[in-house]
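Visitor: Residue numbers (the numbering used here), protein chains in the order written: chain E, 2 to 261; chain P, 51 to 536.
What the hints contain is simulated information worked out from the structure, not anything from laboratory work. Among the hints, a few may not be true.
[To be verified] What follows is a list of derived Cβ distance ranges for each label pair:
1) P/GLU333 - E/ASN191: 54 to 60 angstroms
2) E/GLU168 - P/GLU532: 41 to 47 angstroms
3) E/ASP184 - P/GLY254: 40 to 46 angstroms
4) P/VAL460 - E/ARG187: 49 to 55 angstroms
[Claimed, not checked] List time: in silico SDA-like cross-link candidates among lysine to any residue, alpha-carbon distance up to 25 angstroms:
5) P/LYS480 - E/ARG123
6) P/LYS116 - E/GLN102
7) P/LYS528 - E/ILE93
8) E/LYS156 - P/ASN467
9) P/LYS513 - E/ARG55
10) E/LYS144 - P/LYS407
11) P/LYS528 - E/LYS156
12) P/LYS407 - P/LYS480
13) P/LYS109 - E/LYS156
[Stated by the list, open to error] Computed footprint of chain E on chain P; a stretch qualifies when at least three of its residues, placed anywhere within it, have a C-beta under 8 angstroms from a C-beta of chain E:
14) 246–255
15) 502–515
Beta carbons are placed, not taken as given, at the ideal position from N, Cα and C, and that holds for glycine.
If you want the building blocks of each chain, they are given just below.
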Amino acid sequence: MSNIMLNVRNLHASIGDIGILRGVDLTVNAGEVHAIMGPNGSGKSTLANVLAGRPDYTVTRGEVLFEGRDLRAMEPEVRAREGIFLAFQYPIELPGVRSWQFFKSAVDAVRTHRGEEEMSIRAFDRMLQEKMQLVEIDPELTKRSVNEGFSGGEKKRNEILQMALLEPKLAILDETDSGLDIDALRIVANGVNQLKRPSNAIVLVTHYQRILNYITPDFVHVLLDGRIARSGGRDLALELEEKGYDWIRETVEAGAQPGS
Amino acid sequence: MTAQRVISRERGLDESDYKWGFVIDIESDTAPRGLSEDTVRFISAKKGEPDWMLEWRLKAYRHWVKMDKGEPAWANVHYPPIDYQDIIYYAAPTSKADGPKSLDEVDPELVTAFNKLGIPIEEQKKLSGVAIDAVLDSVSVATTYKEALEKHGVIFCSFTEAVQEHPELIKKYLGSVVPYTDNFFATLNSAVFSDGSFAYIPKGVRCPLELMTYFRINQADSGQFERTLIVAEEGSYVSYLEGCTAPSRKTHQLHAAVVELVALDNAQIKYSTLQNWFPGDKEGRGGVYNFVTKRGKAQGVNSKISWTQVETGSAITWKYPSVILQGDNSVGEFYSVALVNNHQQADTGTKMTHIGKNTRSTIIAKGISAGQANGTYRGLVKIMPSATNARNFTQCDSLLIGDKCGAHTVPYIEVRNSTAKMEHEATTSKVSEDQLFYLQQRGIGVEDAHHMIINGFCRGIFKELPFEFASEASQLLKVSLEGAVG
Numbered sequence: 002m003s004n005i006m007l008n009v010r011n012l013h014a015s016i017g018d019i020g021i022l023r024g025v026d027l028t029v030n031a032g033e034v035h036a037i038m039g040p041n042g043s044g045k046s047t048l049a050n051v052l053a054g055r056p057d058y059t060v061t062r063g064e065v066l067f068e069g070r071d072l073r074a075m076e077p078e079v080r081a082r083e084g085i086f087l088a089f090q091y092p093i094e095l096p097g098v099r100s101w102q103f104f105k106s107a108v109d110a111v112r113t114h115r116g117e118e119e120m121s122i123r124a125f126d127r128m129l130q131e132k133m134q135l136v137e138i139d140p141e142l143t144k145r146s147v148n149e150g151f152s153g154g155e156k157k158r159n160e161i162l163q164m165a166l167l168e169p170k171l172a173i174l175d176e177t178d179s180g181l182d183i184d185a186l187r188i189v190a191n192g193v194n195q196l197k198r199p200s201n202a203i204v205l206v207t208h209y210q211r212i213l214n215y216i217t218p219d220f221v222h223v224l225l226d227g228r229i230a231r232s233g234g235r236d237l238a239l240e241l242e243e244k245g246y247d248w249i250r251e252t253v254e255a256g257a258q259p260g261s
Numbered sequence: 051m052t053a054q055r056v057i058s059r060e061r062g063l064d065e066s067d068y069k070w071g072f073v074i075d076i077e078s079d080t081a082p083r084g085l086s087e088d089t090v091r092f093i094s095a096k097k098g099e100p101d102w103m104l105e106w107r108l109k110a111y112r113h114w115v116k117m118d119k120g121e122p123a124w125a126n127v128h129y130p131p132i133d134y135q136d137i138i139y140y141a142a143p144t145s146k147a148d149g150p151k152s153l154d155e156v157d158p159e160l161v162t163a164f165n166k167l168g169i170p171i172e173e174q175k176k177l178s179g180v181a182i183d184a185v186l187d188s189v190s191v192a193t194t195y196k197e198a199l200e201k202h203g204v205i206f207c208s209f210t211e212a213v214q215e216h217p218e219l220i221k222k223y224l225g226s227v228v229p230y231t232d233n234f235f236a237t238l239n240s241a242v243f244s245d246g247s248f249a250y251i252p253k254g255v256r257c258p259l260e261l262m263t264y265f266r267i268n269q270a271d272s273g274q275f276e277r278t279l280i281v282a283e284e285g286s287y288v289s290y291l292e293g294c295t296a297p298s299r300k301t302h303q304l305h306a307a308v309v310e311l312v313a314l315d316n317a318q319i320k321y322s323t324l325q326n327w328f329p330g331d332k333e334g335r336g337g338v339y340n341f342v343t344k345r346g347k348a349q350g351v352n353s354k355i356s357w358t359q360v361e362t363g364s365a366i367t368w369k370y371p372s373v374i375l376q377g378d379n380s381v382g383e384f385y386s387v388a389l390v391n392n393h394q395q396a397d398t399g400t401k402m403t404h405i406g407k408n409t410r411s412t413i414i415a416k417g418i419s420a421g422q423a424n425g426t427y428r429g430l431v432k433i434m435p436s437a438t439n440a441r442n443f444t445q446c447d448s449l450l451i452g453d454k455c456g457a458h459t460v461p462y463i464e465v466r467n468s469t470a471k472m473e474h475e476a477t478t479s480k481v482s483e484d485q486l487f488y489l490q491q492r493g494i495g496v497e498d499a500h501h502m503i504i505n506g507f508c509r510g511i512f513k514e515l516p517f518e519f520a521s522e523a524s525q526l527l528k529v530s531l532e533g534a535v536g
């Protein structure tokens, strides 16, 4: 039995006429944590958004299989209901939309998709209380409009709260660590660690190795010019921190095999 | 308590998405087509009105004939000329032309019809906590909870009945806020108004029930010209709701109503509307022309008048619920959501006229445009020289869905007292792709996502509605936008 959760083969994607991803290969198994690193403009966020189905991006070549099924045929909301979660780099404000209502609608959408009943208000409240503690979020925030007037750190924590509520199979964290102070980073990382299961997988998109001090990845991939230029273990991140991305670029240009 | 069934039925639709489009199959007693003094006399005679009432109507009619400029031309709405001689000005279900004496006498056909609309008027099924006056075409067919209200001295009845039973109140207040010379449509209404509701809250009484009038146009080619008058005596309070629907017809129907509110010292009137007249089909055929004059006079000191409206129906809406802030410290409020889709047009807003000292007004108007529709907010805030320390806050927000619709904001501010404080905020935005994707990424479908964003946009208004009406309003927006998104 295969436990391949996500299988990306030769993925090309563009925004408008501009090609961003130029042949990404990536395999993520259940129970694994993958870190995707790379310099600005290398296509990290594009990869995260393409997996979630953001409409501005077009997949021009290659295939993306999630649990063996073609993701391209699924609308973004279907992907979400199937268990793909994207923690946004810039969480969106929804003026007037109550956080509580938003969270509950999301949870119910997933449940309905699985043929389960919508959650009772009481059961949901209980779950929400519990998950709020996990990400140490001020309960007052969930009474406000979604992300409206939240600080950068609060927004990021709010993303992890949603992840905790939805318990996705595949969580993609798009630079969730950027802009966080050290305490917020610890809280976010702690939340993510507590959500790790043998049955789910996490893809961390990040600039910095800093967050990897808290969340230990099984694999580190370096994305460069829309391709994975090198993959390795935890140590690769440390090496990168020391030598910089140019080091990878140089080795790639020197003819080393990507993904060695 | 519950008025929510007004919109939650699924029967009787034709090819359009309008779910209230069925015709009630009931015999009708109608006036001959066209308008003349004879029409006015016919209507008055049908109602067995006293002479003073007929005279008032005739004065209005004679004034209307002389209004050679015709309809107001300044509004941002476009429609072919209306042939006022091709309209039926009076239509009444025959069985009860003089109105039922009690609810038991109401024609079972009508009871069924109103049930279909979600308005139970039978004795045993009355909505708890809401007294309803049901108006079909030109006449009131039923009023619930009359006795319960009478115990508190509250009068809630059809206008026709009020003319007979409470002539002193009608003579005193009819036309006192909207005179028969006011404007083309109000003058027309004054001549031919058929029925409507009258409510009177005596001194010091907090009306124990929400009062509701449900208006229904049924007869083809008929106009509806109802007239509502609410008088709140010193220190009283009333919350009044109105809902409206009409059958789907290929021809346009004219609705020219007048609403007058009077609040005396320390009195409060809260007036909420869910307007869901037939909006026409997707190509813009048919639909109600909704030309309505609504005005309240906050006459007494510390009096307060609040208008809350959710306007989703009608091919054309021309409507400016206004407040004359006459009493010192009086308060006027206008909370509005106006949604237009397909080929609908709405030019709506308010007028706040500050006369008394320390008068305060708040205007919050939310416009939503979809399809090829055009929505306009038009508002006037006028501070008279006597209105020392007047304050106004105005906020106009427009939300666009798609790229073929329009939103327009036309605020007028006229200040003649230098102590006035005025604030005006306005925004125009589109439902953003980012917001939609964010919601979709959480498993919420495109249509529900739109609904959530739009509800969020309207939240400030919905919270002003009585609780049961608020969920209904939200549903109404959802239904009205079906097909506009996704």
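Visitor: Next step is simple, just say for each hint if it's right about the structure.
Guide: Each hint tested on the structure:
no. : hint                                    : result
1   : P/GLU333 - E/ASN191: 54 to 60 angstroms : holds, 58 angstroms
2   : E/GLU168 - P/GLU532: 41 to 47 angstroms : violated, 33 angstroms
3   : E/ASP184 - P/GLY254: 40 to 46 angstroms : violated, 58 angstroms
4   : P/VAL460 - E/ARG187: 49 to 55 angstroms : holds, 54 angstroms
5   : P/LYS480 - E/ARG123                     : violated, 35 angstroms
6   : P/LYS116 - E/GLN102                     : violated, 56 angstroms
7   : P/LYS528 - E/ILE93                      : holds, 23 angstroms
8   : E/LYS156 - P/ASN467                     : violated, 46 angstroms
9   : P/LYS513 - E/ARG55                      : violated, 34 angstroms
10  : E/LYS144 - P/LYS407                     : violated, 38 angstroms
11  : P/LYS528 - E/LYS156                     : violated, 29 angstroms
12  : P/LYS407 - P/LYS480                     : violated, 40 angstroms
13  : P/LYS109 - E/LYS156                     : violated, 65 angstroms
14  : 246–255                                 : violated (count 0)
15  : 502–515                                 : holds (count 8)
Of the numbered hints stated above, those contradicted by the structure are hints 2, 3, 5, 6, 8, 9, 10, 11, 12, 13 and 14, listed in ascending order.
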